[in-house]
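S.K.: The chain contents come next:
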Amino acid sequence: MTCNKIGTLELTFLFVNLICNKFFLFAPEYFRATAGSGTGIMICLMFLLMFAVWSFYKRRNITKTSFGKMGSIFLIAVFIFSVALTLRQYTETVKVISLTQASLYFIEGIFIIAMITGAYSGIKGICKAHIFYAPLIFAVMLILIVSASGKLDFYMLTPVFGNGIQSIATNALFLLSTFLEFTLFFTLKPFSKDEKSFIRAGNLTLLISFAVIMIITLCYIASFSENASVEKYPPVFQIIRLINSGAYFQRFDSLFLIAFSLSAYLYLGAMLFLIWHLFKNAFEIEGKNAVLMPFAFIIISTSFINALSDVITASIKHVDVFLWAIPVLMPLLLIKKGNKIQ
Amino acid sequence: MNMDNILNFLKNVFTTNEEKFSITSAEGMSEKTSIKVFTDMEENLKTIKNYFSSPLNSDIKIREFMTCGRKSFAVFIENLVNSELLNTHILAPLILLKKDAGSEDITKTLIVHNQVSTQTEFEKILLSVNMGDCALFIDGFDKCIICDVKFWVRRGVEPPVSEAVIYGPHEGFNENFKTNTALIRKIVRNENMICETVNVGNVSKTPCALIYMKNITDENTVNEIRHRLNNIDSDYIFQLGELEQYIEDSNYSLVPQFLTTERPDKAASELIEGKIVLILQGSPFALIAPVTAGEFITTVEDDYIRFPFANLIKVIRIIGIIMSFLLSGLYVATVNFHHEMIPTSLLFAIEASRNAVPLSAFGEILLMEIAFDIIREASIRVPSSIGSTLGIIGGLIIGQAAVEAKLVSPIAIIIVAAVGIGSFATPNYGFNMALRFSRYIYLILGATAGFFGITLGLVISAYILSHIKSLGVPLLSGTGSKSEDNFTGMFFKAPVWKREIRHKYLHAKQERTQAKISRKWVEPK
Amino acid sequence: MKKLLCAIVFCIFVLCGCSGAKELEELAYVIAIGIDEGENDKLNVTFVTAIPSNISSESGNGKPVSCITVESENVLSASVSAGGKMNRNIDFSHCRLIAFNENIAIKGLGKFKKTLLNEKSFRPDTLISVIKGKTSDFFNNSSSAFETNPAKYFELMFGSQGSKNAVSCTIKDFSGGNQSILPLADKEGVNSCVIINNDRLAAVLPENKVAIYKLLSGKKFQSYMDFENDEAVLFISREKAPEIKVDTKNNLKVTVTLYLNGELIAENKKLSHNKYTENIKAQCENFLEYTSKELKCDILNITRLTRPHFFTVSDYEKYNPTKKYERAEFDVKIVYSDLKTGERNLKL
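Protein chains in written order, with the numbering used here: chain A, 1 to 342; chain B, 1001 to 1525; chain C, 2001 to 2348.
These are calculated hints, taken from the structure and not from any lab test. We put the CB at the ideal spot given by N, CA and C, even for glycine. A couple of the hints might just be wrong.
To be verified - Straight-line Cα separation of at most 30 Å, DSS-like style, residue types lysine-lysine; simulated pairs:
no., chain 1, residue 1, chain 2, residue 2
1, B, K1469, A, K196
2, A, K193, B, K1178
3, A, K151, C, K2275
As the list claims (entries may be wrong) - If you anchor each label on the Cβ, the simulated ranges turn out as follows:
no., chain 1, residue 1, chain 2, residue 2, range
4, A, I305, C, K2245, 51 to 57 Å
5, A, I73, B, N1192, 56 to 62 Å
6, A, G150, C, G2108, 29 to 35 Å
7, A, N244, B, W1521, 51 to 57 Å
8, C, K2063, B, P1308, 43 to 49 Å
9, B, M1433, C, E2073, 23 to 29 Å
Just chain A, same shape as in the assembly:
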């Protein structure tokens, strides 16, 4: 039935949220640490690379089982690890910025509720929730960031090449791991209305996320010098803290909490669903929600590991160096399989 098809905008916002979500966390800070004031150019370079990858793969024939069993298991392992890390980061961020008195388990519990209900509500629920809230989240965030722009200092964006051209080029490649979630975009092709809408959604996703990432990162770099920023707060939160408009709501920090938590809930639900979807397709499992809970339990128990915060820093150093290969090379599997089916 046509009911199972996803429209262009739904697909777009789903993946814009999946990609840009980490920019509400610490990604802008991380970008600045690698490229300094040259971040703008680095982002452009990254997107050019990603567009090249995307246009290389976009017209391939893709079916449900394209990733193959081994490929899927590898991807699932990577994503489970990354979602567990993100879940932990969310939890700690919320504890730092708002619910300072609450226990970590309580906050994580709420995230888990959102994650499991999201995954259970299936692709339809996830898409609807995204089309309602994702534009709202990005609109609110961008409006808030722009309204803080009176406090921006654009000289901070120069020298334009920051830490040097070589460092920008290599980091642009390594930071393609930002697009890790975009790999899953290919798995949703069977849901898409037709080839045209799929390709349009891909283009739009990359364009919108380019705009969002660019604005957030550059505004952050322009408003905080390195010694004025505080590591423990997410960059966007720091920008929004600068706003002070007299009238009724003096402070907008809490609006950040609203947008941030909405985005996080959507991300977790969608990721759990997509991981399970990948698994289901690879092993051709029928039945409604057969193995969803085990995946949820794996993610939850991984994120409860106490040493995880050390793992987060370690993974930024070592794992991300390799993760760029996934969005670039993983779709290769698709071509092989896809051609076979053709």
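Fit chains B and C to the given chain A structure using the hints.
M.R.: Positioned in the frame of chain A, the structure of chains B and C alone reads:
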């Protein structure tokens, strides 16, 4: 507990209720179906008296008489029939005119009444008599003549109570099924309007009109609702509210899946849009399906006033609706978790006013919400002469007294009053109930985890809403990119000459409602 | 599914309760903090907390604030012991002012920077000032002057940009760079500013220099200037932000163009308009020379303007603009237009 048990438990939790409880069919009037009308009048009389427990049942009247030299009797229920009609049009010719004729001839030549039919089965005869018809049995004939002489006690057509408008007709439905269908037909005035009658309830056989446009409405939708109406195995259904619960898609959803209206003009406009209208005997309103979320915040007046004002009013209404279910939760969240959001001077004012109040912010808002709902509930039941005063003055006095007794803070009263006013901005009663319910959920969420909890509620409600369907049409259709009626088309009104295309989700047989250029008088430049 | 959902939601909420929630009245809202020197390198921290019932009552009896002074090593630990004295938790989210004693500023404010940045409840736009004499005395004296809302009082006193002799400084400005300029107040109120260079008080700027600083830094400005011993009064306002151009070829060369609107209010002695602009120009150049050569302090943050002249950060650091600034050449141009209806843009 081993793994199998856990799996079984989970399976149980996720199976729908209908699978678990299949309703056993009620033993109704099955024995009567086989009995046919006898040729012998005495036998018929005995059977009828037996069924109606005649002498015991005082309002069942059996009138015996002679016509054409045959023993005959008429059976009817006192006060359900128009006795003047019965006397002059049916009994008078039968008794006074002497003719020898068969039963066919009697209906053709003797009875001057306009609605006459013949029946052979007792089940149907009993049904007709119960409905207010008069049944004639004549010796020697194996048929019974049914004359429609219904005259039910009813009120006239009065202005709608809950959907009053300023700029539109002031007619409302009443409890009479035929009046209601007539009111709709009076507006539509088209032979393509089909008014099917389906009897619901095994025993009650309440007539239900299924109204749709033959040339517009999607056949699958009509078949679906007909299928649902025909497959209700319940003895008594008297009201549309009950019927709605039998035929809706998801029972546990807070949001209703049918639109209810008291207004024939609303029903008619939805009908020509390609929707289905249900009318049940005894209910002064109609059910409209399929419905999408946007329609719960629409009133019929939006179509009548010019479009900029309609949209302004809609925006205000949406603000009111958001206020009605979020405001109390947001207040508690702000006061308990996000102090920094409140402007300093307001913060001091709130704190000063809360100094002597013994309850927590959550407690006082919950208390006042419940008090407000009690006032609202009570004001429906108190006699109408003091009802309106109790509603407003009672609220004010209780609020004022509560503040002076330092039971609650004035700001709590303001919040609850704003919530109450917001909830009256909701045009649909069922939707209003849903908002009232969810208000408590958001209040708890706000008190538990602040904005962080409220957003959880928002996300989960989006997940739930996306699964609700109304007659197979998703409640949120029109909000995505897939359908061509876009988001703004769903919530906002275009000028009347621009409303050219019917909603896609209705799959209407005719897509257009008007020509591309409907204002032909506009001269092209 | 819905049953399971409800079960989970209610379990979590019932089990965890309302964690982290704080009622408004459980907290004491600090409006201002004063930091004085104490004995043995300790600090005397004064917390000015609001008494809401006195603030909002119309009769106006009772003090609107209470001041508590605590001796401690650090501001945050002081807040804990002050909270203990007041039987409430101290909350900084509505704090408007952090005032340092002059002696503390001379010793160095570096250790406060990280505290102010890292504590979440301090807003980045909280005002910072330096106070002559003991801050506790300052707060105790001024508390009688409070109107209904003491927070507003501090905001007006230290946050206003309009008047000639005051600048405002927030936590973000203060902790962002090595140089900052803070308002200096005594019992009468704010009347001058101090320059903080490398976390230490470097100089006190007299009133007329503050006006020049405001002109040069591009802050919103309008004021009256006296010339020739009150013979002439000129009303000056900023037409648009000043343009500052830097030349990084060899030595740093800074060209500042000021766009001013002016109106002669009182003129007892006929003077040519050039006289005023020359005067302002001389004062500006004087100020720039003074800050760069004498104080070695880039108070206008001019060095960052050299950033676009380089391709990479390493080039920029090699050039070392901070060192170069200390030997920089300055040139100030003034574009003056008379504020007159009809003849507004008449250049002199």
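S.K.: Taking 30 Å as the top limit, are the C-alpha atoms of A:K151 and C:K2275 close enough?
M.R.: Given that 30 Å is the threshold and the Cα spacing comes to 36 Å, the pair is violated.
S.K.: Is it true that the CA of A:K193 sits at most 30 Å from the CA of B:K1178?
M.R.: Not satisfied, since the Cα-Cα distance of roughly 47 Å exceeds 30 Å.
S.K.: Hint says 29 to 35 Å; check whether the CB-CB distance for A:G150 and C:G2108 agrees.
M.R.: Check passed, 31 Å falls within 29 to 35 Å.
S.K.: Starting from the range 51 to 57 Å, see whether the pair A:I305 and C:K2245 falls in it by beta-carbon distance.
M.R.: Between A:I305 and C:K2245, where Cβ atoms are some 56 Å apart, the hint holds.
S.K.: Between A:I73 and B:N1192, does the beta-carbon spacing fit 56 to 62 Å?
M.R.: Cβ of A:I73 to Cβ of B:N1192: about 59 Å, so the range 56 to 62 Å holds.
S.K.: Taking the CB of A:N244 and the CB of B:W1521, does the distance hold inside 51 to 57 Å?
M.R.: 56 Å, holds
S.K.: Do C:K2063 and B:P1308 keep their Cβ atoms within the hinted range of 43 to 49 Å?
M.R.: 54 Å, violated
S.K.: Taking 23 to 29 Å as the stated bounds, is the beta-carbon spacing between B:M1433 and C:E2073 within them?
M.R.: 59 Å, violated
S.K.: Does A:K196 sit within 30 Å of B:K1469, going by the straight-line distance between their CA atoms?
M.R.: Roughly 29 Å between the alpha carbons, so the hint for B:K1469 and A:K196 holds.
Checked against the numbered hints above, the structure breaks hints 2, 3, 8, 9 and satisfies the rest.
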